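From first to last, the protein sequence lines stand for chains A and B.
If you read the first sequence in UniProt numbering, its first letter stands for residue 1, the second for the next number, and so on.
If you read the second sequence in UniProt numbering, its first letter stands for residue 1, the second for the next number, and so on.
These are computed hints drawn from the structure, not numbers from a lab.
Keep in mind the model is a prediction, meaning the values are calculated, not measured.
Ideal Cβ positions, reconstructed from N, Cα and C, are used throughout, including at glycine.
Where hints are given, some of them may not hold.
As the list claims (entries may be wrong) - Stretches of chain A that chain B covers, calculated by requiring three or more beta carbons in the stretch to come under 8 Å of a beta carbon on chain B:
{"#": "1", "stretch": "25–36"}
{"#": "2", "stretch": "53–64"}
{"#": "3", "stretch": "68–82"}
{"#": "4", "stretch": "85–97"}
{"#": "5", "stretch": "124–130"}
{"#": "6", "stretch": "371–378"}
{"#": "7", "stretch": "383–391"}
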Amino acid sequence: MQCFLCVFILQVTYKWLSYTLGVHVNQAKQMLYDYVERKRKESSGAQLHVTYLVAGNLVQNGYICHKVAVVREDKLEAMKSKLATIASVHVYSIQKALLKDSGPLYNTDYDIIKTNLQNCSKFSAIHCAAAVPRTLAEVSQAHTSAQIDSQTPNDMQVASVPVTNGQVPSTAKQASQQPKGIMGMFAAKSSSKSQDTHKETKPESKETIGVSTASSKPPAKGNTMSNFFGKAAMNKLKASSESEQAKEEREVTKPSVPAAEPKLLPTTTVEKPGKKTEPVKIQKKDRKRAKRVDLSDNEEEKEAENLKKKRRRIKQPQSDSSDNEDGPASSISQEDRAPTPSPEPPPKAGLEPASTEVKASTGGKKRKRRRVLKSKTSLDDEGCMVTEKVFESESCTDSEEEFTKAKPASLHRQSTAPVKKDPKEDRRGPKKGAATASKANKQVSIMGFFQKK
Amino acid sequence: MFSEQAAPTAQGLLAPPSAEPSTFARAPVSTYTDCTEPFRLGQRSFSRQYAHIYATRLIQMRPLLEERAQHKWGSGIAMRKLCELQAGEKCCVVGTLFKSMQLQPSILREISEEHNLLPQPPRTKYIHQSDELILEDELQRIKLEGTIDVQKLVTGTILAIYGSEKDNGKFLVEDHCFADLPRQLPMRGPSTNHFVLLVSGLGLGSGSGESLLSMQLLVDVVTGQLGAEGEQSSAAQITRVILAGNLLSQSTQSRDTINKAKYLTKKTQAASVEAVKMLDEILLQLCTSVPVDVMPGEFDPTNYTLPQQPLHRCMLPLASTYSTLQLVTNPYQAEIDGVRFLGTSGQNISDIFKYSSMDDYMEILEWTLCVGHISPTAPDTLGCFPFYKSDPFIFTDCPHVYFCGNAPLFSSKLLKGRDGQQVLLVTVPDFSATQTACLINLCDLSCQPVSFSGFSADEDEGDMEIGH
Numbered sequence: 001m002q003c004f005l006c007v008f009i010l011q012v013t014y015k016w017l018s019y020t021l022g023v024h025v026n027q028a029k030q031m032l033y034d035y036v037e038r039k040r041k042e043s044s045g046a047q048l049h050v051t052y053l054v055a056g057n058l059v060q061n062g063y064i065c066h067k068v069a070v071v072r073e074d075k076l077e078a079m080k081s082k083l084a085t086i087a088s089v090h091v092y093s094i095q096k097a098l099l100k101d102s103g104p105l106y107n108t109d110y111d112i113i114k115t116n117l118q119n120c121s122k123f124s125a126i127h128c129a130a131a132v133p134r135t136l137a138e139v140s141q142a143h144t145s146a147q148i149d150s151q152t153p154n155d156m157q158v159a160s161v162p163v164t165n166g167q168v169p170s171t172a173k174q175a176s177q178q179p180k181g182i183m184g185m186f187a188a189k190s191s192s193k194s195q196d197t198h199k200e201t202k203p204e205s206k207e208t209i210g211v212s213t214a215s216s217k218p219p220a221k222g223n224t225m226s227n228f229f230g231k232a233a234m235n236k237l238k239a240s241s242e243s244e245q246a247k248e249e250r251e252v253t254k255p256s257v258p259a260a261e262p263k264l265l266p267t268t269t270v271e272k273p274g275k276k277t278e279p280v281k282i283q284k285k286d287r288k289r290a291k292r293v294d295l296s297d298n299e300e301e302k303e304a305e306n307l308k309k310k311r312r313r314i315k316q317p318q319s320d321s322s323d324n325e326d327g328p329a330s331s332i333s334q335e336d337r338a339p340t341p342s343p344e345p346p347p348k349a350g351l352e353p354a355s356t357e358v359k360a361s362t363g364g365k366k367r368k369r370r371r372v373l374k375s376k377t378s379l380d381d382e383g384c385m386v387t388e389k390v391f392e393s394e395s396c397t398d399s400e401e402e403f404t405k406a407k408p409a410s411l412h413r414q415s416t417a418p419v420k421k422d423p424k425e426d427r428r429g430p431k432k433g434a435a436t437a438s439k440a441n442k443q444v445s446i447m448g449f450f451q452k453k
Numbered sequence: 001m002f003s004e005q006a007a008p009t010a011q012g013l014l015a016p017p018s019a020e021p022s023t024f025a026r027a028p029v030s031t032y033t034d035c036t037e038p039f040r041l042g043q044r045s046f047s048r049q050y051a052h053i054y055a056t057r058l059i060q061m062r063p064l065l066e067e068r069a070q071h072k073w074g075s076g077i078a079m080r081k082l083c084e085l086q087a088g089e090k091c092c093v094v095g096t097l098f099k100s101m102q103l104q105p106s107i108l109r110e111i112s113e114e115h116n117l118l119p120q121p122p123r124t125k126y127i128h129q130s131d132e133l134i135l136e137d138e139l140q141r142i143k144l145e146g147t148i149d150v151q152k153l154v155t156g157t158i159l160a161i162y163g164s165e166k167d168n169g170k171f172l173v174e175d176h177c178f179a180d181l182p183r184q185l186p187m188r189g190p191s192t193n194h195f196v197l198l199v200s201g202l203g204l205g206s207g208s209g210e211s212l213l214s215m216q217l218l219v220d221v222v223t224g225q226l227g228a229e230g231e232q233s234s235a236a237q238i239t240r241v242i243l244a245g246n247l248l249s250q251s252t253q254s255r256d257t258i259n260k261a262k263y264l265t266k267k268t269q270a271a272s273v274e275a276v277k278m279l280d281e282i283l284l285q286l287c288t289s290v291p292v293d294v295m296p297g298e299f300d301p302t303n304y305t306l307p308q309q310p311l312h313r314c315m316l317p318l319a320s321t322y323s324t325l326q327l328v329t330n331p332y333q334a335e336i337d338g339v340r341f342l343g344t345s346g347q348n349i350s351d352i353f354k355y356s357s358m359d360d361y362m363e364i365l366e367w368t369l370c371v372g373h374i375s376p377t378a379p380d381t382l383g384c385f386p387f388y389k390s391d392p393f394i395f396t397d398c399p400h401v402y403f404c405g406n407a408p409l410f411s412s413k414l415l416k417g418r419d420g421q422q423v424l425l426v427t428v429p430d431f432s433a434t435q436t437a438c439l440i441n442l443c444d445l446s447c448q449p450v451s452f453s454g455f456s457a458d459e460d461e462g463d464m465e466i467g468h
């Protein structure tokens, strides 16, 4: 106790002492008093200035007012004499220098409280049984009911849980964990077909997975994704998984979940809740969601169709470099227009974006909507390194694909085919089958159209 | 109250450390019922006209007033509507009061191009000698003259007047009466001393730190950190804290960023952001120790019109994890330990203050209770939601404690009603100016102010002044 005063401080308040030593406030006050008494007896020459807290009754304006005041030692007796009844007197603080005003006392207390916010009543003399922090489940329920009342589900609200989603959110973690999982997957993988599909699924999944989705998803996602990749999921992916991936990706984007879904993916269960959140999201994203709802109607056909659609969506934005937002919308509509039952090779969608793309299945499951600016480097089919800064916006892979496609598209614009046709053609291109997978992965280009034709 | 209990052990802590410091358990609230349902708005649609409020107000209060009128002037008096009036006949009419004020700010006059008027500067009071009173009922209106205090009354009051119509078309008033206090349910208060602390006008974010230490002292007393053992055990009997509005200071309301160019203000944060963070920390300290009810006020981030909806919990992430934090509406009504509380953050009283000759907040508070309506000037001069089904500001039953926040001074009064009602009226002072809070003892309905102070360089002796 003595060392505190000598070493540090300009001043020690009872509260500061209480928190620092971890003692009851009353003990801290007594310790201060004890110290003062001893030091003064020693008369070591070091001048100590003490402030006291005085409380008591006082008649003011015709009312008996209970006064609580911090006073300097020299004013203590004066204050005590003013009070009709004295309720308490104790040492408030000790300082080396004479305090002109009580501002610094407040600052000391404020600082110590700030560092101990979570247990600010630990050393107090009163304990309240009712003051227990709510558990996360209660918080989420409160939020859910509040949401129903407010009629505007807030997607970005950290603790809110969409009514449809029965899981307890820990939304803050989701966003961070998901990228980790995704990034982990990507870091491990070199570009490959499956990777391409992953990439596609990833942006999709990322976009569809909003902040408000269940917390279980991100951790699960990260795990499953890495599991997925670690276990030679690649093989699966390449083969039949592509369709499944696409399917999963589709699922992410579509409100209803086809039953067939990710058998591969361990995150199946996670995905389902993710799907459930879809309806909630739909409210928010009118255009895209509506389209996705439409898409979901056709779902059955559809793995192939999903793949195809996905690919179409991916390819289309290539030509529409300008409009990020419209891209997915138009791509979706175009997809609607030309569904083909043939199973499609994984959505190469020309999305080379080497890096960060979707990890196939798991990406698809989590519908996270996120806007992430990423730099993607890809090798297009002319052997040029294309780096693009991609803004992945909400809807699945859409925006991402758009961006990535936009870049490569610009390279191919020289060809005479009208830009607008590209998406369609590109879509049909990828439809053609696994054989074209490699090409599709690299870059959606007009050449693909010509080749198929 | 506090002091008497605590006196014996007052100097107990001026001693070497004792072995076992005592801890007191917070007196639990035995019953708490939140009665703010009428003030909570679900769907808010502003597409309706405000005339409906007046219509429902009159319909709801007419029976009460007719009963009062008959009680006061005899059951044989004639109750007439304005359309049935006959010149010279003594009768009683029930209607809504409208005071036409020359100085009342009128948006129409302001934007009128004919007059080329500058907007009127804000005044403390808008009353004028030439104000006139007009009584309106469902169909007609008539000017009032006679023994009626024009300056005191405000628009929106429902009253019954007794008199007769004169030849010049005006009504000569001989007497008038109000709805008076409604019936009161018996109070089933606690048997031991239980206290409720009322604070208002914390005024965070004001940039001046004068009241910060006092606020910290307040929190410390309530949470049991400050004071000797006797005081701490008394503080343990505080079962609830009600923060009655104006948690943020008026200076957080500055809107100059609207006038400045965007590039200048892009990175600036609104003053209220910092203030709300401070509020969150203070509430966290309080919530870990005592149940707190937070009412929004005039300068708080919630809607402007009455009834103000509770602050949103997302603004208070630290404190809202505790179930002891209750975010409530303004006006606020609740039953705490069998005692019925009703109060506002003071906008209703201060609005009446502007348009009436009454100067004392306590007088106005009492007057609103006698008139039977929390805020008669809404929606005329005070913003209000366009109700149409019912007017939630009408007193349905008499509270045991009726308070208003952000008053300039503390005052309390025990009002006794005609039918044996007992109401404790409290005007809670603005803490940032007076550093005073109110402590209400639920056992015997008494109220004591509690004031806090530090010391500063410019004081000769102690700190005995009320507000610093």
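Hints, one by one, checked against the model:
no.: 1; hint: 25–36; verdict: holds (count 8)
no.: 2; hint: 53–64; verdict: holds (count 9)
no.: 3; hint: 68–82; verdict: holds (count 9)
no.: 4; hint: 85–97; verdict: holds (count 7)
no.: 5; hint: 124–130; verdict: holds (count 7)
no.: 6; hint: 371–378; verdict: violated (count 0)
no.: 7; hint: 383–391; verdict: violated (count 0)
Hint violations for this structure: numbers 6 and 7, all remaining hints satisfied.
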